[in-house]
Structures are given as structure tokens and as C-alpha cells.
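Colleague: Sequence:
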Amino acid sequence: METLPIQSSNSSYIRSARRGRHKIFIGMSPGVGKTYKMLEEGHRLKKEGVDIVIGLLETHKRRETADKAIGLEVIPRQEIPWSGVVLTEMNTDAIIARQPQLALIDELAHTNVPGSEREKRYQDVEVILSHGIDVFSTVNIQHLESLNDLVARITGVVVRERIPDRLLDEASEVVVVDVTPETLEERLREGKIYAPEK
Numbered sequence: 001m002e003t004l005p006i007q008s009s010n011s012s013y014i015r016s017a018r019r020g021r022h023k024i025f026i027g028m029s030p031g032v033g034k035t036y037k038m039l040e041e042g043h044r045l046k047k048e049g050v051d052i053v054i055g056l057l058e059t060h061k062r063r064e065t066a067d068k069a070i071g072l073e074v075i076p077r078q079e080i081p082w083s084g085v086v087l088t089e090m091n092t093d094a095i096i097a098r099q100p101q102l103a104l105i106d107e108l109a110h111t112n113v114p115g116s117e118r119e120k121r122y123q124d125v126e127v128i129l130s131h132g133i134d135v136f137s138t139v140n141i142q143h144l145e146s147l148n149d150l151v152a153r154i155t156g157v158v159v160r161e162r163i164p165d166r167l168l169d170e171a172s173e174v175v176v177v178d179v180t181p182e183t184l185e186e187r188l189r190e191g192k193i194y195a196p197e198k
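With the numbering used here applied, the sequence shown corresponds to residues 1 to 198, in that order.
Result set (DSSO-like, lysine-lysine): computed pairs, CA atoms no more than 30 Å apart in a straight line:
1) Lys23 x Lys37
2) Lys46 x Lys23
3) Lys23 x Lys47
Derived from the structure by calculation, the hints contain no laboratory data.
Assemble the whole structure, with the sequences as input and the hints as a guide.
Modeller: So, in C-alpha cells, the structure goes:
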């Protein structure tokens with residue numbers, strides 16, 4: 001992403017006024033490797049000199065995912081008190097203040113803790129994009145609004161965390177990440193997707 005030098009008394013640089021580019025890694029289910037692929041691309045671009053931060057990473061205690069994040073700068077989460085406990089969410093303001101070229105943001109369909117500035121993580125992503133920061137994000141296909149009825153008919157589960165379909169239409173790039181059902185079953189048995197008790 002370009003930054004344009006501006007002559008000023010403090011010789012600072014300001015970002016161009018363009019909207020950030022949004023690349024979405026989408027998969028059929030948890031465990032197919034969306035987050036891992038996003039982190040791989042992040043490392044590749046960092047080696048090319050791109051200024052990258054992890055805006056939000058959910059490892060779900062997956063060792064391989066946590067290890068893949070090593071070497072990338074992480075923006076600390078913000079703490080939000082709710083119902084007598086303190087929960088954490090992505091710190092959108094801190095990402096914007098840091099002004100990286102690219103922010104890696106997991107789980108686009110996530111619903112933020114009550115009391116957050118915005119209800120949904122995708123809304124936070126839109127704010128970050130509006131500040132000229134590129135975003136890589138991840139989402140599972142069942143979180144698409146238009147598929148809600150179909151998913152409910154097939155699985156009997158109503159997916160509550162959804163994103164509008166327009167996010168895919170507006171994305172600069174959509175990358176489909178997939179594995180075979182056999183690989184997914186093996187990862188599930190090995191506890192690489194969810195803890196065995198789940």
C-alpha cells in the first residue's frame with residue numbers, strides 16, 4: 001500500500017485517502033485452514049516489506065495456528081467489562097492509530113461483547129478499511145446471510161452470527177480454503193479443531 005510523503009513542519013507521512021483492500025479467506029467449516037493460510041500469507045508479505053499486524057487472532061488452542069503467528073506483531077485486545085466479568089475484543093481504535101499497511105483479522109462474523117462500540121466484527125473491519133488499511137479476514141460459508149435458511153434446513157442449526165453477502169461482493173479478493181472430508185474428520189478426531197470434550 002502506498003503512503004504519500006507530505007511536507008509539513010514535523011516531516012510526517014500520511015496515508016492516501018483510498019479505502020483499504022479486503023481479502024476474505026472462506027471455508028466450508030472450522031478446521032479447514034483459513035486462519036493458517038491467512039497467517040502464511042501475512043508472513044510472506046512481511047518478508048516482502050509490508051507493514052503487518054495481527055488485529056485479532058483466535059487460535060482455539062490450536063498449537064499449529066499459535067506457532068504460525070510467531071514473528072508477527074499483535075495489537076493487544078481491549079478489555080470490556082460485562083455482567084461482572086472482563087471480556088476482550090479487538091481494539092479497532094488501536095489498529096487505526098497504529099496505521100499498518102495490513103491487518104489480519106480472524107472470524108469476520110463474530111458478535112462483539114455488549115457494550116462494544118459496534119455490534120459485529122465485520123463492522124469494525126469496515127471502519128478499519130475506511131481508514132485506508134488493508135484487511136485479510138476469515139469466515140465460514142455458513143455465516144453468509146443468504147445461506148441461513150439452507151444451513152438450518154440441512155443441519156437443523158440456526159446460525160446466529162452472520163455477515164451480509166455484500167461483504168463478499170465488495171471484497172477485493174475471496175480465497176476458498178478447503179480440505180477433503182476425510183482430512184477434516186481426521187483433524188476432528190485428533191482434537192485439532194475442537195477440544196475432544198466438545
